[in-house]
Amino acid sequence: MSFIDMKVELTGKVWNNELAGKTNFRKGHSWNKIMDSVKEGDKVINGIGEVFICTNKYDLNEYHDFGHKALRVTLHPTKKDGTIHKGRRWIAFVDSGTGWEIEE
4 MSFIDMKVEL TGKVWNNELA GKTNFRKGHS WNKIMDSVKE GDKVINGIGE VFICTNKYDL
64 NEYHDFGHKA LRVTLHPTKK DGTIHKGRRW IAFVDSGTGW EIEE
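Every position in the sequence shown, counted from 1, becomes a number in this note's numbering once 3 is added.
What the hints contain is simulated information worked out from the structure, not anything from laboratory work. Be aware that one or more of the hints could be misleading.
Stated by the list, open to error - Mimicking DSS-like on lysine-lysine, the simulated pairs with C-alpha atoms at most 30 Å apart in a straight line are:
id	residue 1	residue 2
1	Lys42	Lys83
2	Lys36	Lys83
3	Lys16	Lys36
4	Lys60	Lys89
5	Lys36	Lys72
6	Lys82	Lys16
7	Lys60	Lys46
8	Lys89	Lys46
9	Lys36	Lys89
10	Lys89	Lys42
11	Lys10	Lys36
12	Lys10	Lys46
13	Lys82	Lys25
14	Lys16	Lys46
Said to hold, decoys possible - For each label pair, taking beta carbons as the anchor points, the in silico distance ranges come out as:
id	residue 1	residue 2	range
15	Leu13	Asp39	31 to 41 Å
16	Arg29	Asp68	17 to 27 Å
17	Gly102	Tyr61	11 to 21 Å
18	Arg29	Lys89	35 to 45 Å
19	Gly70	Leu13	33 to 43 Å
All of these numbers come straight from a predicted model, not from anything done at the bench. Every residue gets a Cβ at the ideal spot worked out from N, C-alpha and C, and that includes glycine.
Required output: the full structure, derived from the provided sequences and hints.
Quick look at the structure:
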C-alpha cells in the first residue's frame, strides 16, 4: 500500500508551529516538541502555515541498534478540506541523535 492509498484515522490533536513563531513561543509548539511527541493521525501546522497529517512514526532502533534516540516521522501535505493531498509527496524527518532533519 502506498502513502497515497493509506487511510489514517485522525486523532484530533493539532500541533501548531506557526502559532509558536507568531507568539514568540508563548503559544503553539516548537518543532522539536512536535517531532518528539507527534503520533500517527495528528495534524501538524509548520512555521509557514502548511498543514500536514502524520502518517507514520517509528523508532529506527527497532531495525538497527544505534545506541541513541533514532526516530523517523512522515508528514503528508493536506488539501484545504483537511484530507491527504494525493498530488503532493510526503516529507520524512529523521532524528538520529543530532536533531531533526529532512530525510533526503
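Violated hints, by number in ascending order, as checked against the structure: Numbers 15, 16, in rising order.
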